[in-house]
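Given next are the chains, with one letter for each unit.
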Amino acid sequence: MKRTYDTGMDNNSIKLEIKIGTVGVAYTASYLLRTGGQWTKLSESNEESGNIADSEIGKASYLRKSYIIIRTLIDLTHLSENERQIATANIKAEYKFSGGFSGIQNYNFDNDDLTITPNKKLVTIIKPIEMI
Amino acid sequence: MKNSLLILFILAINFSFAQKDEKLNLKDFEIPTSPGFILLDQAPSSIERPNSPKAFAISALNSFTESNGLPQNYAVEFTPFWFFKHKNMNVLKYMGYNNKEEHFFSAIKMVSISMAYINQTDSLSETPVNNISIGARTNLIKIRSNNNLNAIALANQTAVKQLKKIDSIIVSRIGPGNPIDPEAYRQRHLQLLNTLQDSLKNNLSKALLQKPIFAVDFAIAYNTFFTNNDFSTQQFGRFGTWLTVNWSLKLKDNSNYLNLYAIGRYLKDGTDKNDIGQYYSQSLYDFGGKLEFELNKFSIGYEYIYRSNDLIKTSRSTGQLKYRISDNLLLTGAYGKNFGDSNNLVSMLGINFGIATGNEKATIE
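Chains A and B supply the protein sequences, listed in that same order. Numbers -6 to 125, taken from our numbering, label the letters of the first sequence in order. Numbers 4 to 368, taken from our numbering, label the letters of the second sequence in order.
Just so you know, the hints here were simulated from the structure itself, not pulled from any lab data.
Residues of chain A clear of chain B, computed beta-carbon distances all greater than 12 angstroms: (1) G1; (2) K8; (3) S48; (4) S54; (5) F94.
Not everything, but these chain A residues come out facing chain B in the computed CB check (under 7 angstroms): (6) G14; (7) G17; (8) W32; (9) L66.
Derived Cβ-Cβ restraints for the label pairs, each shown as a range: (10) E87(A) with G292(B): 46 to 52 angstroms; (11) K34(A) with L157(B): 23 to 29 angstroms; (12) T(-3)(A) with T198(B): 30 to 36 angstroms.
All residues carry an ideal CB built from backbone N, CA and C; glycine is no exception.
With these hints in hand, go ahead and build the complete structure from the sequences.
If you want it as structure tokens, here you go:
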């Protein structure tokens, strides 16, 4: 489900922090998506977790009228079938935006952001945030 | 009374399972080693440690000496860790490793809680005795070999690279998302995921299958019992707490091990009667060890435990065999001498089997 963030004054530095809680192997990347489908990767997680530390993703003037798409892929293949079922239900994701007119905004993922393969070995969360 | 206990047991199962449609699989059944069984000396082995605590497990145990076709003793065990969201969890924390050093105490979080229902017959009066036990166990210390830690780190790196590659393939084909028409994007995205997930190699499972070279486990259990199916006869049975130390030596590959165990246990026992027929409590101390060979699907072990206090000196000496018929079917048996001088034959058979009535619900939130 799409959410919005008011970037405010042109010079505002917009920051993004992502925290993913899962027992699976996670990889997260944030993208800037503009009208017309052009996209740019902004940041990505490292091999330790699906988290992305609090960091600037751009000035308000650059980000306004675009979408920030945060994609997290989670590999649960090392778990048993039942554990995958539980692990899928217990994923935690927090997206924190700051620096804009909206101040600090925390978003979680919604059910329609989640895509789970039938065998539950691979899960993705795609969170779109509209920057206004 | 017996029906009440069975209802209680079924409620415990329903509590552990939740609301999503999910069959209870063969894998949900576990070897009967829950603390409730061990406390009453009803497990095939008194010295045992789980490889990895399952979210939910059911044990069924039968005795050759009292067999009437169906198992008489049951236990349900669950691990609360699996039923909560963990804000800062990641796969390395889950495994107790941070890519630099191992967290020896990390597995404490995987404490499991169990409830066991055990049928016995009083050897003197021949009256039925129904036992209810609750217990908990966890791993206190776990030390993996350097090779194992390196394998975990490498498997994690590989898995992250695979995910990154999958993400880049999807994004290059259909973009990172489509906020205008998310449902259409979702459908195409799922199709791609289904195709690309086959590239996931799952090396972590192999790395995690390797046993720690050293582990210390803690367990605690409490038992109460009823005689002659009468609730008013409720009586304290036993309380026990014990530590198990385990060394594992890898013999050939990840499935062949020589395991050496040592156990120390404190037991408060209230199941004996004095000369005037009244139950009384006594403290007992157990010390022992076990040698076990794990050879692929087959394992064989022998254990000896010495039990003593000021008045009692007795021991348990048993041999155990386990055979994994398939990934979902495990046969375990034990034969030997239990504690005490009478009614002390150990002859047990435990088997993993499934229930699929269609009514099982599982959830988990």
